[in-house]
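Modelling step: build the complete structure from the supplied sequences, incorporating the hints.
The residues making up each chain are set out below.
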Amino acid sequence: MKLRFAAARLAALFRKPRLDRELDGEILAHIEMAERDAIAAGLSPEEARREARREFGGIEQMKEEHREQRSVRWVENLWRDVRYGLASLARDPGFAAITVGLLALGMGANTAMFSIVDAVLLKPLPFPEPERMVRVVETPAPGERNPTTTFTFLDWKRQRDIFAALSVESMTKAAVETGGTPARLTGKLVSADYFDVFAVKPAAGRAFAGGEDQPGAPMVVVISHALWQSMFGGDPGILNRELRLDGVPHKIIGVLPAGAFDRDEAVFWKPQIFTAEQMNRGPHIWDVIGRLRAGMTIGQAQAKMNLLRANMSEVLANFKDWGFGVEPFGKILVGDQLRQSIYLTFGAVLTVLLIACANVANLVLAKGVTRRKEMALRASLGASRGRLIAQLLAENLVLCVLGGIAGVGLAYIVLRAAGPLVAESLPFTSELALDGRVLGFGAFVVMAALILTGLLPSLQTSFGKLSSALNQTSRGASGSRAALRRSIVIAEVAASVVLISGAALLFKSLEKLQRVDAGVRIDHVITVSADLPMTAYPTPESAARFYDAVVQRLRAVPGVEQATVTQRLPLEGAAWGEYVHVPGVSEPLLVRVKMIDAGYFDTFGIPVKLGRGIQARDRTGAPPVMVINERAAQDLAGKFNFVNPVGRLVGIDLTGYGPIPETYRDVQIVGMIRNERTAGLNGPIQPVVYVPFAQVPQQNINLAVRTQIDPLALVAGIREAVRQVDPHLPLGVVMTMEQVKQRSMLWAKQPTWVVVAFAAIAALMAALGLYGVLANTVTQQRREIGIRMALGARPGDVVSQTLRSAFGMLVLGMAAGLGGAFAVSRALKSLLFEVSALDPIALGAACVAMALIGLVAAWVPARRAAGVDPMGVLREEG
Amino acid sequence: MSESKTDVPYGTLDLLILKTLDSMGPLHGYRIARRIEQVAQNLLRLNQGSIYPALIRLEEQGWIRTQWGVSETKRKVKFYSLTRAGAKQLDIEVRNWERATALVARFLEAGS
Chain A
1 MKLRFAAARL
11 AALFRKPRLD
21 RELDGEILAH
31 IEMAERDAIA
41 AGLSPEEARR
51 EARREFGGIE
61 QMKEEHREQR
71 SVRWVENLWR
81 DVRYGLASLA
91 RDPGFAAITV
101 GLLALGMGAN
111 TAMFSIVDAV
121 LLKPLPFPEP
131 ERMVRVVETP
141 APGERNPTTT
151 FTFLDWKRQR
161 DIFAALSVES
171 MTKAAVETGG
181 TPARLTGKLV
191 SADYFDVFAV
201 KPAAGRAFAG
211 GEDQPGAPMV
221 VVISHALWQS
231 MFGGDPGILN
241 RELRLDGVPH
251 KIIGVLPAGA
261 FDRDEAVFWK
271 PQIFTAEQMN
281 RGPHIWDVIG
291 RLRAGMTIGQ
301 AQAKMNLLRA
311 NMSEVLANFK
321 DWGFGVEPFG
331 KILVGDQLRQ
341 SIYLTFGAVL
351 TVLLIACANV
361 ANLVLAKGVT
371 RRKEMALRAS
381 LGASRGRLIA
391 QLLAENLVLC
401 VLGGIAGVGL
411 AYIVLRAAGP
421 LVAESLPFTS
431 ELALDGRVLG
441 FGAFVVMAAL
451 ILTGLLPSLQ
461 TSFGKLSSAL
471 NQTSRGASGS
481 RAALRRSIVI
491 AEVAASVVLI
501 SGAALLFKSL
511 EKLQRVDAGV
521 RIDHVITVSA
531 DLPMTAYPTP
541 ESAARFYDAV
551 VQRLRAVPGV
561 EQATVTQRLP
571 LEGAAWGEYV
581 HVPGVSEPLL
591 VRVKMIDAGY
601 FDTFGIPVKL
611 GRGIQARDRT
621 GAPPVMVINE
631 RAAQDLAGKF
641 NFVNPVGRLV
651 GIDLTGYGPI
661 PETYRDVQIV
671 GMIRNERTAG
681 LNGPIQPVVY
691 VPFAQVPQQN
701 INLAVRTQID
711 PLALVAGIRE
721 AVRQVDPHLP
731 LGVVMTMEQV
741 KQRSMLWAKQ
751 PTWVVVAFAA
761 IAALMAALGL
771 YGVLANTVTQ
781 QRREIGIRMA
791 LGARPGDVVS
801 QTLRSAFGML
811 VLGMAAGLGG
821 AFAVSRALKS
831 LLFEVSALDP
841 IALGAACVAM
851 ALIGLVAAWV
861 PARRAAGVDP
871 MGVLREEG
Chain B
1001 MSESKTDVPY
1011 GTLDLLILKT
1021 LDSMGPLHGY
1031 RIARRIEQVA
1041 QNLLRLNQGS
1051 IYPALIRLEE
1061 QGWIRTQWGV
1071 SETKRKVKFY
1081 SLTRAGAKQL
1091 DIEVRNWERA
1101 TALVARFLEA
1111 GS
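Chains as they are written, first to last, in our numbering: chain A, 1 to 878; chain B, 1001 to 1112.
None of these hints come from the bench; they were simulated from the model.
Quick caveat, the model's predicted, so the values are computed rather than measured.
Please note that a few of the clues may not be correct.
Straight-line C-alpha distance at most 35 Å; calculated DSBU-like pairs for lysine-lysine [stated by the list, open to error]: (1) A/LYS201 x A/LYS304; (2) A/LYS173 x A/LYS639; (3) A/LYS123 x A/LYS173; (4) A/LYS123 x A/LYS639; (5) A/LYS251 x A/LYS157; (6) B/LYS1076 x A/LYS63; (7) A/LYS157 x A/LYS123; (8) A/LYS367 x B/LYS1076; (9) A/LYS251 x A/LYS201; (10) A/LYS173 x A/LYS201; (11) A/LYS173 x A/LYS331; (12) A/LYS157 x B/LYS1074; (13) A/LYS639 x A/LYS512; (14) A/LYS63 x B/LYS1019; (15) A/LYS157 x A/LYS320; (16) A/LYS173 x A/LYS157; (17) A/LYS373 x B/LYS1019; (18) A/LYS331 x A/LYS304; (19) A/LYS609 x B/LYS1019; (20) A/LYS331 x A/LYS320; (21) A/LYS373 x B/LYS1074.
Written as structure tokens, this is what we have:
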């Protein structure tokens, strides 16, 4: 009925014009009937009209009153309640600060988190018709993705009935000179219709023309808005300028619009021109993205590609199990791990919000006890129950709106501070912003919080026999209220235990990950990456000469113990997979290939177990050699019965320098080393073969130096050593090996620390709730405690009774929390490393932590209970 | 003029309307006003218009409901009738009123 009443008021607000019309009709009918009756009574029509008007009274005044009845009071009441709520908050600033603070924390975290969820998972990609954007791959097995070959890509590109645009995409680095210092820019090599895939047109100039990715085309480049601003100062005449990449002038033909592409790692795009050597079905090296023809669904495209694959079975006979796959662009952009992390973090902040709301509800309930008399008084003076609920809700509305405003402010600060850090892990298409959608979510959270914090307490406070409240003394806590407050605390404890369990599991997993033996020395090693420009190092020999020279220089730097040049750092992967062929055996062994120089094993402390390592004599022209790791030796032994691999000859395709194609070579295995972790700390131990960098030179390299002193003290020395060899070579970011290791664990660290932080907040909030309830109980039971103490109870008994009550709530909460932890364990699984989602130690630790925090929170009120002066209390009660 | 007319006692218009609807069944505004005047036998000074704000208030409280009907002058008008909650409310108000008048009566008797 109350609801109906409020609804009628609300509805009246929106139906005002119709209600006014209806009233006019009623007045007219009324006066007509009055006239008719007056005429029937014998008056003249004129007199009858006057009489009817007189009896009716002032029409306008009545209408005004009618309207007021309908709507104005509703708004006025709300306003009065809000003002009243503000005033009552001002009277109790401690309560206001705590509740608004709790809500701000919960809402702020949720708003900030939602902006990430929205940007990464909800918002469509910031390009026209993003559902047409796809990634096209070869599928060695269902669910696996592999790049493709040049010829197969060109076959795909001819499928004009499937793709409106199709482009390869590969990262490249180029050296540029800005004001004399060499710098390294990241760019992408793409097909001419690359920007048609995104349906993006340059803001200035043009995109690539059809023939510009063909041999012999002039050197052109498209740059990002960010690069235009940073390197060219936003020069409006940019289209007449050129960009020298590795010393080669490229004509700038277009500048992209500001936005999504500015968050991409790449700042320039140039056409990928296939060389004659690349025209084959050899290396699978091309990542392919495309835009489907209008009206074509991914399913239809996939069906057509399956058909194409079936027709190509002859030319692809070597890869007879491989298929073609078409996947939504966004699906690969947001990996499963990122998606999981985001869900997990969002779940954590939602839990914190729920706990915050529970706490506020509890505080409001506690306050409600003291207000029952006020409510009873108002009810006896004629306030309807609906009015009382409305008033209590309005007071909560004040709390929630203030909390929401503070929360949005907090979210803004969090996004400003942490945004750049987080953005690194997010795809370039997602922009973190506090936009309308996020603010809308914030408003939704405020309303949800209002219902969660306000409804129960206001029902509790306004229902029940209010009249009896007038007669009660302050000790009278109604049983149902106390039970409700205890249930809220139990729920808070349960939610906290779920979070703490998650945090404990993730933390244990991270700890395990930290302690994984990488197989290499991490301490006292510093690294820097570089790319040798084709212009300065046109031949494999020139590159090999550079490696030698730079390592010599580095070793001469004081404090340096050993130096090496390698293609990939430990933990950072090992180039690509290749097949090792054994003469006379048809089935090859898949291994990873890593190019290193003579100093590598020594620098990283990898012991040689059999034979020898790579040595300085393994140079260009010398017999080709390789060193294998233990895992590769095991695989060779298992597959080819190699008892001792050292000395054996195997065949392998080795990649060429720059555009030089790969060549098949017979290579001698000269040694075996201990395994190192190539696929990250959590990755499997891969079979790896190491080949001398001098025999298989590459342009992108990493320099690593083992130092006797603090490695960071040598940064300047290392830069100077490289500068002496090549003053024009730009270096990448200098990182210690420890930093490289930490970076390789980022996927695990980010969600862990977020969940740990929120679990701590949740536990503190639950403790606060527990404290609140116990403190309240003690206050209300002062008389009882006083009597018991007067009858001989010792302070210790009183303390233990309070603690027992706390422990009861904690145990119930923990039991429910463990149930919850079991329920959500599946969601955690994919983020855990070698830790079961139901790990008893982690779950046990979570319970112990919660119990300790809870008992500490209970200790204060327990001490207070023990401090009750029996005589004082009894006298007070009179 | 034997007696002067009195105003509607404060707060009793709702009671009068509820009672009227209780005994007469569904009525439109004009009939409600006339019925009150009839019962009061010209002892009451009622601005007929003032029943309309009262009616909307009673409707919002859920004590009466409206239906469209046709007046004697063939106009579409609202007919008001008592709801179950309205019947209960009438009971309460009648009892309150009786208690209040009994109290006042006792005072007047004691004073005389």
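Hints, verified against the model:
Straight-line distance between C-alpha atoms of A/LYS201 and A/LYS304 comes to about 29 Å, which keeps the hinted pair within the 35 Å bound. Between A/LYS173 and A/LYS639 the alpha-carbon distance is near 39 Å, which puts this suggested pair outside the 35 Å criterion. In summary, the hint linking A/LYS123 to A/LYS173 is supported, as the alpha carbons are separated by about 31 Å, within the 35 Å threshold. Distance hint between A/LYS123 and A/LYS639 is unfulfilled; the C-alpha atoms sit about 50 Å from each other, more than 35 Å.
Restraint check for A/LYS251 and A/LYS157: the C-alpha separation of about 27 Å stays at or below 35 Å, so the hint holds. Annotation: proposed proximity of B/LYS1076 to A/LYS63 holds, straight-line Cα distance about 19 Å (limit 35 Å). For a cut-off of 35 Å, the pair hint linking A/LYS157 to A/LYS123 stands: about 29 Å separates their Cα positions. For the hint pairing A/LYS367 with B/LYS1076, the CA-to-CA distance comes to about 53 Å; that exceeds 35 Å, so the pair is violated.
In summary, the hint linking A/LYS251 to A/LYS201 is supported, as the alpha carbons are separated by about 18 Å, within the 35 Å threshold. Straight-line distance between C-alpha atoms of A/LYS173 and A/LYS201 comes to about 24 Å, which keeps the hinted pair within the 35 Å bound. A C-alpha spacing of about 26 Å is found between A/LYS173 and A/LYS331, which places the hinted pair at or below 35 Å, so the restraint holds. Taken as a hint, the A/LYS157 and B/LYS1074 pair is broken in the structure, with Cα atoms around 79 Å apart against an allowance of 35 Å.
A distance of roughly 32 Å separates the Cα atoms of A/LYS639 and A/LYS512; the hinted pair therefore holds under the 35 Å criterion. Proposed proximity of A/LYS63 and B/LYS1019 is supported: the alpha carbons are some 24 Å apart, at most 35 Å. With a CA separation close to 21 Å, the supplied pair A/LYS157 and A/LYS320 stays within the 35 Å bound. Among the hinted pairs, A/LYS173 with A/LYS157 is consistent with the structure: their alpha-carbon atoms are about 26 Å apart, no more than 35 Å.
For the suggested pair A/LYS373 and B/LYS1019, the alpha carbons sit about 34 Å apart, so the restraint of at most 35 Å is met. For the given pair, A/LYS331 sits about 20 Å from A/LYS304 by alpha-carbon distance, which is consistent with the 35 Å threshold. Among the hinted pairs, A/LYS609 with B/LYS1019 is inconsistent with the structure: their alpha-carbon atoms are about 106 Å apart, more than 35 Å. The hinted pair formed by A/LYS331 and A/LYS320 meets the criterion: a straight-line CA distance of about 26 Å does not exceed 35 Å.
Between the alpha carbons of A/LYS373 and B/LYS1074 the distance comes to roughly 54 Å, so the proposed pair goes past 35 Å and is violated.
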